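Engineer: Protein chains in written order, with this note's numbering: chain A, 1 to 340; chain B, 341 to 680; chain C, 681 to 1020; chain D, 1021 to 1360; chain E, 1361 to 1700; chain F, 1701 to 2040.
A couple of the hints might just be wrong.
[To be verified] If you want the footprint, here are the derived chain A segments under chain C, 3+ residues with CB under 8 Å: (1) 65-77; (2) 122-136; (3) 212-224.
[Unchecked claim] With beta-carbon atoms standing in for the labels, derived distance ranges: (4) B:541 / F:1901: 39 to 47 Å; (5) A:138 / C:818: 45 to 53 Å; (6) D:1078 / E:1597: 41 to 49 Å; (7) E:1367 / B:581: 31 to 39 Å; (8) F:1838 / E:1367: 44 to 52 Å; (9) F:1716 / E:1490: 19 to 27 Å; (10) F:1705 / E:1480: 29 to 37 Å.
Hints were generated in silico from the structure; no laboratory data involved.
The structure presented is a predicted model; accordingly, all values stated were derived computationally and were not measured.
C-beta: ideal position from N, C-alpha, C; glycine also.
Number of protein chains: 6
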Amino acid sequence: MDSKKLERLRARYADRGAFDGDDPVLLRAARDVQTGDGRRTLPYSGVPTFLGLPHAPSVDGLDIAVVGVPMDLGVSNRAGARFGPRAVRTIERIGPYHPTFRGVPKGRARAADVGDVPFHSRYDLAHCLRDIEEYYAGLRARGVRPLSVGGDHSITYPILKALGKDAPLGLVHIDAHCDTMGSYDDTKFHHGGPFRLAVLDGVLDPDRTIQIGIRGAANMFWEFSHASGMTVIYMEDFMRMGLDAVIAKAREVVGDEPIYVSVDVDGFDPVFAPGTGTPEAGGLSSREGLALLRGLQGLQIAGADVVEVAPQYDPTTNTSQLAAQILFEEFALMTLGEAG
Amino acid sequence: MDSKKLERLRARYADRGAFDGDDPVLLRAARDVQTGDGRRTLPYSGVPTFLGLPHAPSVDGLDIAVVGVPMDLGVSNRAGARFGPRAVRTIERIGPYHPTFRGVPKGRARAADVGDVPFHSRYDLAHCLRDIEEYYAGLRARGVRPLSVGGDHSITYPILKALGKDAPLGLVHIDAHCDTMGSYDDTKFHHGGPFRLAVLDGVLDPDRTIQIGIRGAANMFWEFSHASGMTVIYMEDFMRMGLDAVIAKAREVVGDEPIYVSVDVDGFDPVFAPGTGTPEAGGLSSREGLALLRGLQGLQIAGADVVEVAPQYDPTTNTSQLAAQILFEEFALMTLGEAG
Amino acid sequence: MDSKKLERLRARYADRGAFDGDDPVLLRAARDVQTGDGRRTLPYSGVPTFLGLPHAPSVDGLDIAVVGVPMDLGVSNRAGARFGPRAVRTIERIGPYHPTFRGVPKGRARAADVGDVPFHSRYDLAHCLRDIEEYYAGLRARGVRPLSVGGDHSITYPILKALGKDAPLGLVHIDAHCDTMGSYDDTKFHHGGPFRLAVLDGVLDPDRTIQIGIRGAANMFWEFSHASGMTVIYMEDFMRMGLDAVIAKAREVVGDEPIYVSVDVDGFDPVFAPGTGTPEAGGLSSREGLALLRGLQGLQIAGADVVEVAPQYDPTTNTSQLAAQILFEEFALMTLGEAG
Amino acid sequence: MDSKKLERLRARYADRGAFDGDDPVLLRAARDVQTGDGRRTLPYSGVPTFLGLPHAPSVDGLDIAVVGVPMDLGVSNRAGARFGPRAVRTIERIGPYHPTFRGVPKGRARAADVGDVPFHSRYDLAHCLRDIEEYYAGLRARGVRPLSVGGDHSITYPILKALGKDAPLGLVHIDAHCDTMGSYDDTKFHHGGPFRLAVLDGVLDPDRTIQIGIRGAANMFWEFSHASGMTVIYMEDFMRMGLDAVIAKAREVVGDEPIYVSVDVDGFDPVFAPGTGTPEAGGLSSREGLALLRGLQGLQIAGADVVEVAPQYDPTTNTSQLAAQILFEEFALMTLGEAG
Amino acid sequence: MDSKKLERLRARYADRGAFDGDDPVLLRAARDVQTGDGRRTLPYSGVPTFLGLPHAPSVDGLDIAVVGVPMDLGVSNRAGARFGPRAVRTIERIGPYHPTFRGVPKGRARAADVGDVPFHSRYDLAHCLRDIEEYYAGLRARGVRPLSVGGDHSITYPILKALGKDAPLGLVHIDAHCDTMGSYDDTKFHHGGPFRLAVLDGVLDPDRTIQIGIRGAANMFWEFSHASGMTVIYMEDFMRMGLDAVIAKAREVVGDEPIYVSVDVDGFDPVFAPGTGTPEAGGLSSREGLALLRGLQGLQIAGADVVEVAPQYDPTTNTSQLAAQILFEEFALMTLGEAG
Amino acid sequence: MDSKKLERLRARYADRGAFDGDDPVLLRAARDVQTGDGRRTLPYSGVPTFLGLPHAPSVDGLDIAVVGVPMDLGVSNRAGARFGPRAVRTIERIGPYHPTFRGVPKGRARAADVGDVPFHSRYDLAHCLRDIEEYYAGLRARGVRPLSVGGDHSITYPILKALGKDAPLGLVHIDAHCDTMGSYDDTKFHHGGPFRLAVLDGVLDPDRTIQIGIRGAANMFWEFSHASGMTVIYMEDFMRMGLDAVIAKAREVVGDEPIYVSVDVDGFDPVFAPGTGTPEAGGLSSREGLALLRGLQGLQIAGADVVEVAPQYDPTTNTSQLAAQILFEEFALMTLGEAG
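Work out the full structure, taking the sequences as your base and the hints as a guide.
Structural biologist: Next up, the structure:
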């Protein structure tokens, strides 16, 4: 490095603050990040909210509501996802800038952490699902798009019922399980069947549905996925096709109409997401999952969720951190996607 | 049990809800607990706040502000207490009813979680202490009593500076260490010396100060406590005197004037509070500590804190749970104490 | 020590095996412990069963059945006790000799681990309770006394319904909560109310019921305990009375008729039992709890349980170990009690 | 989706249970899974056994015996694998359906968890190995194929001695270490040498042996592997060749004669298997390891094991879960392999 | 506080460093603590050694050698104590000042961490014990008193053989188990029998031996303790007698002749010492144990140890911290005891 | 395998020790490993040092000094890296043989663990950096190359100032963050900016600097890297280019002049390195990172470090194990690199 260059660098950079440069996107990002009085907020300070967004007592006036759904009565094995929203709220340092889409989602939409869905009873799965549907119908009536943190996967059925009421949605679904099983234990509302119920209710379009990461002994239960016309990408398919081909396939399947994005953290290998109720060895890596989501840029997202985070099984908090990052990717897709 | 009694019980209790009875205190407590629409709030739902209190963006109009002070630049050994406020907020099921004082603190005062003290720099201990002092001076100017969650114990010095400005306060101090050490490592602001600084600044009255639970190798540093006239209850004293005598001594020392209550969780045995930076074997049990605090009922509390919760060292969350309970006890002392 | 004594010791002890001595009780204990071929079983080998007892596919011919009840749909906060039976089975080195009663319980009764109560649905609390009642009615019909591992405390109501059908039982109940609350969240079957239901069904005699270790904010809910005539020993009472007086009181209350013993691990301080769903600071120590149970020697025990072990919150396994020890104490009371 | 399709789906699927479809393999799988009375077994209920298989007091009449070998006296560093069998038994939700081979292993063979090898002494490595050899000789004499869970890797030597007595076996060996070291610390029986001993005893054919995943500082010890003609796939080789080529190489090396499959969990990266005694950074992923095993379909498996699970170092239970899945893959190879 | 006093305090204390005061003991302590160049050593810096003592390559010239004995081949259940020395070395902030004896042990004796006993084989229990005996015989020949960190309790037998060669020692023994069992599993060298062997070898005087904290199912094995004349304080005795009476009894039993002090961390309740191989519910608290040791002040200590620390079971490091504190208490007894 | 071959194998190998073979490299390695008296050192014995190297009180006469830098005052989020050196020292079984370079680093250089950099104050970031610079200037003056274990990444700036004083160094930098940010919170010395400061001070040549693994929201801050001419390999680049191309690029960028190697463990995915302060999902795998480092063989290494290990967040110790392996790779590059 010649001395002139060093001088130039010194002249320009020796006394600048954290946000240097003239890139207008970054400048705006910097402004979005900084608080009014010049103080940067500590990552670990204040009342914890999803993605560090403001907490809003009401959803009125919002474009996007980030909602917790602390309900896990639908699990078949290990409970705990009722604590998922708390765990994801507590993760620090996610966003606000999106490195691939080069933008700050919260600068593009009025978004807030609106708290959790209120429930009439912590003891009644079917009633909880009704409470959820009613809540999301309210969001939809106000034109607010939801971004949700479960809770177990049974919550996605009432969400789809609310969002797909007028026209069935497409779906990009990352999971170890297709979740299209029928009734057992005297209920159809368990976390193994939401997408079957959604199809049968006409709120989810199986032809525009792709399920990615599927594996494990439960594979014996997914006849409905195939019978209804869903596209199922088993892990063997994933490994054979490669990431780029899977992304292309997903875009081809869901098309340009509105879709929902649903991520069950057990789609990831248990090493990346131990904190969940029904782990299956041999799943996606965090790198693959994040790239998959980023590959959806430009699609119309009616809503999205990340579910099945059970922090009791997550001593490193890796699962919650990954879930928070996924939430941020979904937030970015809903706000910056068009820039793609 | 004769059948008539059974009939009477059935007649009265068979169809009642969770809150039965005619006791006016309990009825009011029940009302305080219930939300407006008859739904009980789930312990694990919503944005986590201290003691489940509402989050207030401003301190105006409050009687009591519960404040987080996420700063641990004053520690001598293990850092981590900067995450103390987050950890204590996340604990569920503390209060709202106080079983010994038979009342609901939040029914007696306008209280809220007002977030955390804002800092200019996460890298400068002395500056952080100035930020804290300024913040608490603001609370005091508005007539708001503070209830604080640290952070390391260095935070109590600027709090006392703000609260004791006009008249030095008395102090009930539970800790393994007297924290009256002088300078070392080129600073006097470390967490081993706040109470020395407060005395030398004239905001803490050593004659009305009692320090309880003291033990360990650091005992060689506490000359100032004795020289200034503080009452020091070493653990050997505690074991010899017994709980009731210690409570009586504390009340005798601090008298009827306003006091501050400061609880360092390392006053408890590491078994009860592993999540802290400078644990010392052989400390108080949770039962003893809670009884000690309850024994202060009726005293004038100008403010209180619980400090040195480092959740990184707390795999069971026992430390955070105990700290949250202590916070609730302090809240109760500040609201229900007069009922004693 | 003179040389003659040393010679005598050498002569007698130099070549003996682990079980020396002529004490007939110990000799029988040794025989009970040893396997037929001279091999001692490793504590960590084999299919894990409760207390290392044989696993029995059928309850026929048993005196005592140790039963798992992996159901936690009744919890109000943290789920997880559905994994309690697995966790307690996995603990090694409990028994077989009882050091205070000086005997080997399994030498005095035909006892086995009979597996877990079968459930029709993991999603329906009320149905689960019916399944439990039916199962225990079957045990009772065969003259088999049950020793149960929960599961949450809601399971004790159907157990009492089965066991107290002909004559209401007395109860020694260790817990942080009286569990005599009424309905909320549209159900009366939650884990906060089993003993109220049992009284109202006439299967539990409140006059012969003592509840020990009660504390915390939920104290506002226990009117029924007092109204129905139960004896409630709050933690303050316990600390004031002392252990011996509490034991005497318990024996006085329950008298000589058959009783049930129910231990919720949250009766212990969270330090001793972090692995539970609704911890309350300031509870019993393990030493106190075990002494309490041993103090019941000689009473008629119709059945007993230990409940609310949630191993997800128990990184040291201390909770499961304590629960396994409690289970053994209860087993000892049911077999060696008469020797007291 | 047109409305006719929706109607057809509703007609067929609206009222079906968990197991729909006409696929005869799946129907049989469903029958294998369901218990007689229509109740599905909870994943977390009952006495824990390997893969949820029945516990058999005797090996008579079995095709396959799943055996625990809780012995870790052969480790060179961190002990703990003596608790491996207990840990693997405790994992829920592995199988019963194999998603790639499309079948239910336990439907194809009489298989049971037969408990653990009994040992004369927990203190004598050489004696333990004799006990193991004797036990497996008994299995072999009865025509029962063993599937074993260690224990440390020293256990594989006596197993091979028993199984390869008449004709040396081939071997597929996944591990970070070749385990063909000579004597040190006055013994040749440590866990670093079983395959050397087996070759020198003529029970293992080095020409039909492949070792996969080898890496780390211990690489200096593996001359015997090369000298004896084993095929060693170091991790660099693995990364360069790719998964498919490694599978092809393995099949080529071992040929069509009977082989043994031995999986040391330290063959996997410590991230996938932290719970082991001698972790080595840079190993296989779970996806690669499972695919490797599935690639062996159709080979003749005389026996198989998974070893070196030390649950003390496995706070997420990821290691035990992976080991249980490997056990299931081996079980599938021994029963469904021919269907490939 | 009047203003004059405040002025006096300010005059004297405003500018002093951490070590103020004129107390000659404290001044000397301060000098002992400070490093030459005025820098205080960080608690967490440098190569970890026992109690922060210097590491000595040779024992020559030492008064006291702190020795690690990383051997756990004698355990009957959970291994892991081989990592005990590493775990205890890693604990920071123990000493250097002793708060009760008011002195700095390392100022009174040439003491160092001399590393660990070298072993010929990590696989041979009997050989390891010979290695230990030889090593301690060497210490004794050089007049160096040993302070040891186990390892399992089997190590104390060879230590006593070396130290008690000329005259049998007395013993203060804190433990859940008497460790006077005979042979089983073909060895007498297991961790359940060191004190029997020591008596039979004439190196331990049973009449001058007291065993404190005994409890649990293993109580059936302690005939030898009683037969040989040891004083056994069962936990029930301890609770009945109280701490002061137990200390008095211990002093009476061991008298003025040289004694050995041996502390098995399982003497403490598993809550205080979860990190151990054979935990027993219902043991000593840290407060009681430390007071017990301090009660031995003035006795002649020929050597001391703390054993059975298994850090794999100690997620909070509470066990290691307690063990380090015990080590420090023993060090203080060996150096400052005479000041009592 | 024919019988002759078996005989030959037996003849040669039946009675050999752990180190067989005639390979001169391995023979020398074996000699380097063995201690003088034929005893192999246990992995878990003795005072823990970096890579098991001898502890040297002085740096005189060394070629390479392995230094701990326990300072984390520069972190922006989670503290804890002050305990990094202790954690890395405690890892057992790293080296001494390097499997890819086929040699024993410690046989090629006089190397030792020289303890930690002494600091004047644990409370003053800027002063700590001056202490570090002074210490490393001393090493450089003595011709000792440093190999360092942080501490947070702010420590690399003063190290570079000392090492690059005469001629700016090249840099291979593995990290999630470029660490070329300007001032914030009133300081430029935080862990987000060391490489900017080093360039502006003329001790680091940006044209010979490559930064690999960059990702996450902080990407908005790295203008300086681009402006100064550094080569930045974002994770997307890494995934697109593949490992071999990245290695080639790195070699091309840094050329043949002396370079520094700096590895922040957060360059790895949080799954591989959870124990760090600012984790970012989607990073390198351990396999990739180790291969990257090995790809630098033959380059001139003036010094190297591994930083940001925060063991409080590392329940499996995977992070510390990976860091210790990285340290060993760096040690190998500095000693065996020329053999490439």
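Engineer: Please go over all the hints and tell whether each is borne out by the structure.
Structural biologist: How the hints compare with the structure:
1. 65-77: holds (count 4)
2. 122-136: holds (count 5)
3. 212-224: violated (count 0)
4. B:541 / F:1901: 39 to 47 Å: 41 Å, holds
5. A:138 / C:818: 45 to 53 Å: For residue 818 of chain C against residue 138 of chain A, whose Cβ atoms are near 48 Å apart, the range 45 to 53 Å holds.
6. D:1078 / E:1597: 41 to 49 Å: 47 Å, holds
7. E:1367 / B:581: 31 to 39 Å: Distance hint for residue 1367 of chain E, residue 581 of chain B holds at roughly 33 Å.
8. F:1838 / E:1367: 44 to 52 Å: 46 Å, holds
9. F:1716 / E:1490: 19 to 27 Å: 26 Å, holds
10. F:1705 / E:1480: 29 to 37 Å: 34 Å, holds
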